[in-house]
Amino acid sequence: MGMIRVRRHREVAPEQSRTVRFQGREFGAPVSMFLTDSAPGMGSRLHRHPYPETWVVREGEAEFSVGNERSRASAGDIVVAPANVPHRFVNIGEGRLRLLCIHPSDTIVQEDL
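Residue numbers are given in our numbering: position 33 of the sequence shown equals residue 33, and the series is strictly consecutive.
Among these hints, one or two may not hold up.
Stated by the list, open to error - DEER-style ranges, computed between Cβ atoms:
(1) Gly41 x Arg10: 24 to 34 Å
(2) Val31 x Arg10: 17 to 27 Å
(3) Gly67 x Ala39: 21 to 31 Å
(4) Asp112 x Ser71: 20 to 30 Å
(5) Arg58 x Glu111: 17 to 27 Å
(6) Gly95 x Arg25: 28 to 38 Å
(7) Leu46 x Ser74: 17 to 27 Å
(8) Ile92 x Met3: 33 to 43 Å
(9) Arg21 x Glu59: 10 to 20 Å
(10) Arg96 x Met3: 26 to 36 Å
(11) Pro86 x Met3: 37 to 47 Å
Hints are computed from structural coordinates only; laboratory data are not their basis.
Heads up, the beta-carbon is just placed ideally off N, CA and C, and yes, glycines get one too.
All chains, please: the whole structure from these sequences, using the hints.
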C-alpha cells in the first residue's frame with residue numbers, strides 16, 4: 001500500500017444524510033471532521049466535546065449557539081467553540097448550509113445533551 005490514503009466521495013440517496021463523517025484514526029491522521037450539508041432550518045443537536053471545535057462556513061448562513069452566546073456566520077467565516085462548552089448550529093438562510101466541522105482528535109468524541 002502506498003503513502004497516500006484517500007476517502008472517496010460517495011453519492012447518497014435522497015433519504016440519506018448528506019453529512020460526511022471522517023475519522024482520522026482510520027487514515028492515520030490526527031484530525032477528524034464532518035462535512036455538513038443542511039437544509040434551511042436544520043442543524044445539529046446541542047452537544048459538547050472534550051476539545052475545541054472549529055467550523056468553516058463554506059456556503060450559506062448559520063446561527064451558532066456556544067454556551068449562552070449566539071452569533072451568525074456566513075460563507076468564509078470561521079467559528080470556534082471551546083472545549084466542554086455546549087454548542088450547536090442551525091441553518092438560518094434560504095439555501096443549503098455547508099460547513100466543515102474540524103475536530104482536533106483522531107476520533108470524534110461527542111456527548112449529545
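Unmet hints by their number, sorted upward, for this structure: none
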